[in-house]
Structure formats: C-alpha cells, structure tokens
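Asks: My request is simple: use the sequences and hints to build the entire structure.
Sequences listed follow chains Z and X, in order. Heads up, the first sequence is in our numbering, so the first residue is 1 and it goes up one at a time. Heads up, the second sequence is in our numbering, so the first residue is 1001 and it goes up one at a time.
Think of the hints as simulated: they come from the structure by calculation, not from any bench. Heads up, a few of these hints could be off.
To be verified - Think about it this way: if two alpha-carbon atoms lie no more than 25 Å apart in a straight line, the pair counts; the simulated DSS-like pairs of lysine-lysine are: (1) K1045(X) <-> K9(Z); (2) K178(Z) <-> K9(Z); (3) K204(Z) <-> K1045(X).
If you're wondering where the values come from, they're calculated on a predicted model, not measured in any experiment.
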Amino acid sequence: MIKKGSNNKAENRANELTIIIPAYNEEENIADTVRSLLAQTTPPKEIIVVNDCSTDDTEKIAKSLGITVLTPPQNTGTKAGAQNYALKLIKTKYTMAIDGDTTLAKDAIELLMKAFDDSKVAAACGFVLPRHINTIWERGRYIEYLLAFTFYKPVQDYYGKPMISSGCFSAYQTDLLKENNGWSNRTMAEDMDLTWSFYQKGHKVRFIPEAVSYPIEPNNFHFLSKQLRRWSHGFLQNVRLHWRGVLNVQFLNTMVAVSFWDGIVASLIYLILFPLLALIFQNPIFLLGYIIDAPAVLLPALIKGYERREVGKVLLSFPSFFILRTINGLFLLEAFWKEFIIGKPLTVYEKGH
Amino acid sequence: MNVGLPGTGLGGLFYLSTTLAMLFVEIYITLRGKSSFKRWHLVLKQLIIAFSIIAGITLTAYLLSLTILPHSAAVSEVRKIMHADSNYSFLLYIVPLPIMIILVQILRVFFGKREVKA
Chain Z
1 MIKKGSNNKA ENRANELTII IPAYNEEENI ADTVRSLLAQ TTPPKEIIVV
51 NDCSTDDTEK IAKSLGITVL TPPQNTGTKA GAQNYALKLI KTKYTMAIDG
101 DTTLAKDAIE LLMKAFDDSK VAAACGFVLP RHINTIWERG RYIEYLLAFT
151 FYKPVQDYYG KPMISSGCFS AYQTDLLKEN NGWSNRTMAE DMDLTWSFYQ
201 KGHKVRFIPE AVSYPIEPNN FHFLSKQLRR WSHGFLQNVR LHWRGVLNVQ
251 FLNTMVAVSF WDGIVASLIY LILFPLLALI FQNPIFLLGY IIDAPAVLLP
301 ALIKGYERRE VGKVLLSFPS FFILRTINGL FLLEAFWKEF IIGKPLTVYE
351 KGH
Chain X
1001 MNVGLPGTGL GGLFYLSTTL AMLFVEIYIT LRGKSSFKRW HLVLKQLIIA
1051 FSIIAGITLT AYLLSLTILP HSAAVSEVRK IMHADSNYSF LLYIVPLPIM
1101 IILVQILRVF FGKREVKA
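Replies: Listed below in structure tokens is the structure:
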C-alpha cells in the first residue's frame, strides 16, 4: 500500500517527468485532461499533447492551456504512432502516457511515481474507473474494472506480474522505453505488447491501486464495438507474437494461458452451450449459467464500492456486467476466428469514443 | 482492459488459488524476515475477498440444490451424462487448472524462447 503525504522524493520525481497525451479529435475532453494534470499535488515538468492531425479544435484548445502541442506532418494512424512522435523529444528520466479523454485523481501522479523507488521498475500503472457511469455499457465496464482492479490486479502485482500496464495511464523509465523503441504498431494493444516485452527483458512492472484515473468509456454500442474489437484482436495478436517469450516468464505464462482458454472456451460455453442445452431440453434452467457466478463478481465490486461509498452505484450497475460480458465473448470469438482461423488480422486502429 | 469472461471458470479458479497461496508465500517471506505490515495488509485484504467469493458461491450452490435443481429433470439428466452425481464431481471443476499449469510448463521446456526483440 502506498501512503500519501508530502514527499520530496515524489516532487523531485515529478520534476523529472514528461507526460505525453496522444489526441485525435479530443476537443471535448482535452481541456479536462490537461487541467487535471496541472492540478496534481506533484505536477509534471512538461505536458506534451500530440495533436494527431485532428479535424476539430483539439490543437487550439490544447495550445490555449499553455502546454507543448506537437502536430505530426500527417496522421500517425495509431495511438502508438502519436506517442512515439513525442517520445524522441523527451529528455526527462520518466515518461507518462495518458489518454486524451482521461483525468486523474489529484494525487495520482504523486502516488504512481513512488513505484520507481525500485530502480528495476520499468513501468507502473494505476487503478482505472470510468469517468461517466450512466449507460448500460459504462455501468458494465464499471463493474468489470472494479472486479479486475480490486481482485485480479493486486494478485498479479503481488506475484510481480501485472498483466498489462494500462495504456490510458502508465508511467515509464524513459531510457527503458526508448530501448524498446517506444510503443509498437505491430498489434492493436500496444500497452500489452510493451508490458510483455518488458517482462521478457527481465524488467519489473508495478500496479499502484491508490493512483486512480478516470477515462471516458464507450457510452453506446457503436463505439463499444470498436473498442472491444481492438482489445480482443490486440490480446490474440500479442499471444501469437509473444507466446514463446512469455512461456519463460513464470506466473505470466499461466495467467495468459488461462485468459486465452477462458476467452475462447468460456465464450463458446456462454454463447453456444448454454442456449443449446436450454433448446435441447426445452428448459430455461440452463440459462442460469449466465449468472451463477454472480457472487464471484459482485463481492469484490461491493467491497471496493463500500470503500468508495458507491454501494448503490455498484448494485445498480451490476446487471449490466452480464450483458457486457456476453458481448465481450462475441468479440473474442470473432477475433479468434479472424486472427487464428481465416488469417484476417485487424490492422486499422479505431478509437472507442 | 479485461480479457476473457471474468467471474468463475478457469480464470476465477486461478485467481482464487493464487490468492489462497499468497498466505503461505507471505508466511515464508515473514520467516525470512522480509515481510512488512503493508504486505500483510494486502494479503489479508485479498484473502477476505477470496473467502467471501468462496462463501458466496457455496451459498448459491446450496440454495440452488435446495430449490430449483432437485425439481429439474433436465439438469438431472445432464448431471448423469457428465457423471456429476458422484462425490468426486467437484474435481471436474478443480482439475483443469493444475493440468493447465503442467501443460504450460511442458510447453515452456520445449518451446520457450528468450527475449523477443522489439
């Protein structure tokens, strides 16, 4: 557990920090993101917005906030491309990447940077919660994040292997990031690619749950589908790319294998076996399978919800999780079919809002 | 991002098992003089979550066994087909995880590769 409080080390570390914000058509959100960084208990030395040839007022708004704004000569095509465009200019010891729609809790940077007390840590990530929790999709995502970041991720961190240093809010040692040539475009999940690459090189990655970020999650099915397609394909692309290297990283190897198994087999059970049994036996009782593990999801979410005084929000959002989970399964199977069976990988990066 | 279908299933069992293992790992680390209050705070918090999940699932299964399941001929038939009536049927749920762990280690020996160039 990381404690808050005045800390010269934290301030010094923030003075050695540059934040990159890749932004494409973020005129509605960029101001909030930048302001949340300027209002931090330990603000960074520099903030760079990479305006990836936006067609709206992103550049104008970002410039009005008094920070560095870079515009590549042409759209880089991906978040990784935009981030790498700024990376080559960074001279500070630490680099942070934050999405253009993400705000941070006031002390997020101060708390996150304490992970680098250990000089072997290459990357650190924090807790993620949706900024808006209104629609069915945002509510489902809220429960999903509460479960993952309250139960799964602390276990991963205990064993030294957080599965992903989330791209929406992560900090890095700049020299190790540059040694990796920054973020790669070879998969749709550049954050996962980078994390697994770090592990294979023997570096450490940390999860700091006290450092909280609030990205905007998809609020309708159209944008949700773009995001889930990217995430599903990204995971499978990384499995295909890294499987032999990841096999040598203990704990991560089993975690990835289990995730892969669950993603494909559990999805098949969810989407095919349960409805099939219900049809064959003309009995809806088999559909109980969709919700029989409710305690496994609800209890971690409620525990965190109680901590955050959001118990009512958790209970109201809980049913949405099961809908989102089923949709997740559909996209995973679609991604598996395209990536592994018919050889049609996803190569076009599309934003989730 | 989350991968797969969070909840129970192999992933859920994996995290429950590794959480329970945290207790023994931390005892070992404490005996070596390398633990701390912060570490024990984390371990105990995760154990509370794990035990509450186990209790919740056990209660759900118990309530279902008293109410809906005994009256469902369809479920009885499926249980017979899957040999889930025996006292050892719970192994069907637990055994896949150790098999997965062993399989991963076998794959590591034969196919594991050192550093992937960026």
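Asks: Indicate, hint by hint, whether the structure satisfies it.
Replies: Verification of the supplied hints:
no. : hint                 : verdict
1   : K1045(X) <-> K9(Z)   : violated, 28 Å
2   : K178(Z) <-> K9(Z)    : holds, 24 Å
3   : K204(Z) <-> K1045(X) : holds, 23 Å
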